[in-house]
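Asker: The residues making up each chain are set out below.
2 protein chains.
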Amino acid sequence: MKHELEPFFNPKSVAVIGASRHPKKFGRVVFENFLRPGFKGKVYAVNPKGESVLGEKCYKNILEIKEPVDLAVIVIPSEFVSQAVKDCVKKGVKACIILSAGFSEIGNTKGEEEIAKCKGKMRILGPNVIGIYDAYSRVDTIFNPPHKQGRPEKGSIGFISQSGAFGAAMMDWASSEGIGLSRFISIGNRVDVDEVDLLDYLMKDDKTKSVAIYLEGAKRGKDLFKKLKEITKKKPVIIIKAGQTAEGSHAASSHTGALAGEAQVYSGVFKQTGTIEVKEIEDLFDISKALAFQPLPKGNRIHLITNGGGFGVLATDAIIKNGMTLSELSPETVKKIKASKDVPKYAVINNPIDLVGDATSARYKAAIESVLEDSGVDGIIVTILLQLALMESNVVDVLVNASKKTKKPIIVCSAGGQYTDIHRKLLEEAGIPTYSTPEQAAKAMKALVDYAEIRNK
Amino acid sequence: MKHELEPFFNPKSVAVIGASRHPKKFGRVVFENFLRPGFKGKVYAVNPKGESVLGEKCYKNILEIKEPVDLAVIVIPSEFVSQAVKDCVKKGVKACIILSAGFSEIGNTKGEEEIAKCKGKMRILGPNVIGIYDAYSRVDTIFNPPHKQGRPEKGSIGFISQSGAFGAAMMDWASSEGIGLSRFISIGNRVDVDEVDLLDYLMKDDKTKSVAIYLEGAKRGKDLFKKLKEITKKKPVIIIKAGQTAEGSHAASSHTGALAGEAQVYSGVFKQTGTIEVKEIEDLFDISKALAFQPLPKGNRIHLITNGGGFGVLATDAIIKNGMTLSELSPETVKKIKASKDVPKYAVINNPIDLVGDATSARYKAAIESVLEDSGVDGIIVTILLQLALMESNVVDVLVNASKKTKKPIIVCSAGGQYTDIHRKLLEEAGIPTYSTPEQAAKAMKALVDYAEIRNK
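Listed in order, the protein sequences are those of chains A and B. Start counting the first sequence at 67; every next residue gets the next number (my numbering). Start counting the second sequence at 67; every next residue gets the next number (my numbering).
Quick caveat, the hints were computed from the structure, so don't treat them as lab data. Backbone N, C-alpha and C fix where the C-beta goes; we use that ideal spot for every residue, glycine too. Just so you know, nobody snuck in bad clues.
The calculated DSS-like cross-link candidates involving lysine-lysine, where the alpha carbons are at most 25 Å apart (straight line), are:
1) A:K337 with B:K387
2) A:K91 with B:K411
3) B:K78 with B:K220
4) B:K345 with A:K387
For the chain A half of the interface with chain B, some residues (derived, Cβ under 8 Å), not all of them:
5) N210
6) W239
7) Y280
8) A308
9) Q310
10) E348
11) G423
12) Q484
13) E505
If we strip away everything but chain A, and leave its shape as in the complex, we get (with noise of 0.2 Å):
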C-alpha cells in the first residue's frame, strides 16, 4: 500500500537502537521478535558498546549501517533519545519507533520538543508506546516476552491503543481466546503519528475489516472528528474511552498527561460520527469481532435457538432490554420445522425455539435453515450447551455451512469450560463470533444492528 505510514508496518530493514545482550532488557527483546521467522526484512542491531547481540553484528551508531533503513527503533535511556533521533534523520529512516518512556507522562515535555524540532520530514510513533504488532509483517516492537504475552493471529481486527499496557493485556487475552488481529498500535505521547493518522492507514488497509480503539483522549478533536465520519462509512469503529466520571479523566491526566474532557462531549461526538462506544473492555473485542466477521443485518428482528431453557429466557431479556425484537416466524416456517423428521413433538417452535436438552446436531440443522430463510427474521442467535449428553461436535459444521449459504448474521452463545472451548474456537476461526453469555451474544448483534443503520444513512 502507498500511504505515509506504510514503512513502519512492512519495513524493508529495520534498525533497533538499543539491542542489548541482556536477557531482561527491552531491547533484547524487541531486536529477539524480529529475528523470528515471521519477520521477512533485515534487521540491525545498534548499540554504542557495539557488542554483537544473539551472534548478530552490532554497529555503533545507525549512521554505520550503510544499506538504507526504513524503520528504527529507540529503546534508550530518554537522556540520549534526540540524539539518536538527529541520527535517524541523517541516515534518512522513513519511519521511527520511540519505545522510551521519561517524557511528557512524568513532566519532561522539554524533552518532546526536542524531537519534535529536530524529526524533519520521518515520522515519528510514541515516545512511551509499546510500539506495533503486525500480524501479516510481524514487525513486532512489543518488549513483553511472547511467553509471557501471547501474540493474536492474523485477523481483521485493527487496533489502536493509547496505553501500551492496555494494548499488551488485550492482545494477550485474544491471543489466547484466538480472536485475530491485523495491526496493532500503541500510539503514547503522540509527538508525531496519533490516532487520526492511523486511522487513515487502517481504513486503506485490506486486511483491516473493524478498527478496536482505547482513548484517553484525542488530540486533534476536529481532524478526529473529520475521520471518524469518513472511516465509519467504509468501516466500523468501536471505541472505549477512559476516563468516562470526572475522577476517571483526573486519573488519565497523570498518566498520558491527555486531557480527557468531558466524557459527554465525546459521545456526541461518536454518536454524530457513527462511531460505536462500548463502557466496558470487554465489550471492545467482542463487538469488533462481530463487526469484523459477520453480514449486516436489514432489520433488528432476531430469532434465537437453544438447547436450555433458561439460556432461552435470558437471551430473552438481553434482546429486549439491548431494543430489539423477537421475530416472529411464518406459519410455513414453524410447519416445516415441525414436519422435520429430526425435531420431535416436544421441542417448543416458538421464539425463542426451544429444542430441548437432548437436543442433537440434526435437530440444531433443521431450525437453523428454516429460520434463515424466514423472511421475517432479520438475524439469528444460537446458543449451543454443548455439556448436554447427546450434544455433537458436528453442530460446528451445521452452523459453518449455515453461515455460508446465508446473508443474514449469525452469532452463537455457548458458555461452559475447556471442551467447550475448543468447539468455540473452531466456529470462531470460521468467522461465527462465539460468546460465553446471552448478554455479551446480544450486544454483538446489536452492534451490527446499529452499524447497519450507520451505513444506511
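Use these hints to put chain B onto chain A, whose structure you have.
Answerer: Here is chain B on its own, set in the frame of chain A:
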C-alpha cells in the same frame, strides 16, 4: 448435619433406578458417577432387565435390595416414574431425585400430581432436573459426562438453579476457572423440595459461605421472602432472576412452567430481604466468590494500585460508577511509600497508585502493605498486568501474605492470556478473587460494600 434434606447430600446408600449398560443413556452416566473413588457410600443398580451394569449386580426392582437405601435416583421414561416412586416409598427410601423429564414442562401436570399423591414422607427433588452435585460427598447425579462438563472443586459457594442446563454450563465454567462449589442443586419442576427448603439447608451448612441462585419464578413467594430475610443475616445470597422483561417472563413460562411474575416485584423482594440481585450471568459467580472469600469492608473508600495507567483510569471510572469513593492516603502513608527503596520517584503515589510498567513484586509489596495500614482505606483493588517484562510470579506471594495480615478486602484485576491465567488460579486458590476486567473487580467490591451494609442493619 441433622437436617431432613441430609440424605440428598450425604446418603450412606444410593439406588440408581434406570442404571443402564448403554454408554449414551443418562442412567449409565449417573451410575458411573457413583462408582468413582470420591463417593464413599454404597451404590445399587436397578433396572427391570436385571442385566449387570459395568460389572455390578443389578436389581430388577428397588424392593429386591435387602439393605436400607437412603437416596434413590430415578432416571426412566416418565410413564414409569410414579410406580418407581411408590416402590421407593415402600422400601423406606428417605430422599428421591427424579431426573426424568416429560412432566409439567410439556403440560403433563397429571403425572406430577400422581407423584405428589404417593410420595408419603419421602422427600422428592424434581422431576425434570439434573439433580445434585456435592463436591464434598461426591453425590453426583449430573448426566452430562465429565469429559463434556467439568465438575468444580471443593469450595464455598452453594448453587441452586431452576434450570438444569444453566446449572450445568455454569458448573462447567466454574470448573475450568478453578472456582469451587460446596453443593449444586437443580430444582426443576419442584413437585416437593424447592428453593426455600434448600436455602434452609444451605444456611445451616458449614461448607457453604455464600449462595448463588438462578431463579425463573418462586414457588412459595411469602416463604421465600421469610427465608431470604433469615439467611442473609448469616450468609450472602446472590440471585439472578431470569424473565426480567415481559418477553423473558413469557419464555420462562414455557420453560419450567413457572409464573415468572413482575421483575420489579421480585427486585423489591430482593432489596427488602438483603438479597444481592445481579442482572448478568457473568456476575453471579464473580460476586459469589468475592462474598465467599473476602472479609467485609467497613466503608466504601477504595484504593487502587496498578502497574498499567490505562487500567487505573478504567478502574477509577468503575469505582465511581458503582457508587463507591476513592480513598485518600494520609500524608504519613504517602511519605512511607515514597521512602521505600523499592519505589522509584516516577511512580505516582495517589489514587490510583501507578507503580508504572517496570513495577516489580517488591514495589507492589511496599505499596500494598502501607495502603492496607491506612485507616482511611476500607478495601483495595490491585491491578497486576503480568505480561509486563519485569513483573514476577512472586507477586502472588505478596498478595497472599498481605491478605493473611489484613481484615480489609483485597480484590485483584489481572487481564491477559495463558500466563496470566496460571497466576489468576493461584490467587483464587488462596482465596483472593481475581477478575479479568476493572469493571468486574469493581462490581465484586461493590457487593462486599453492599453486603457489609446489609449485615450492619
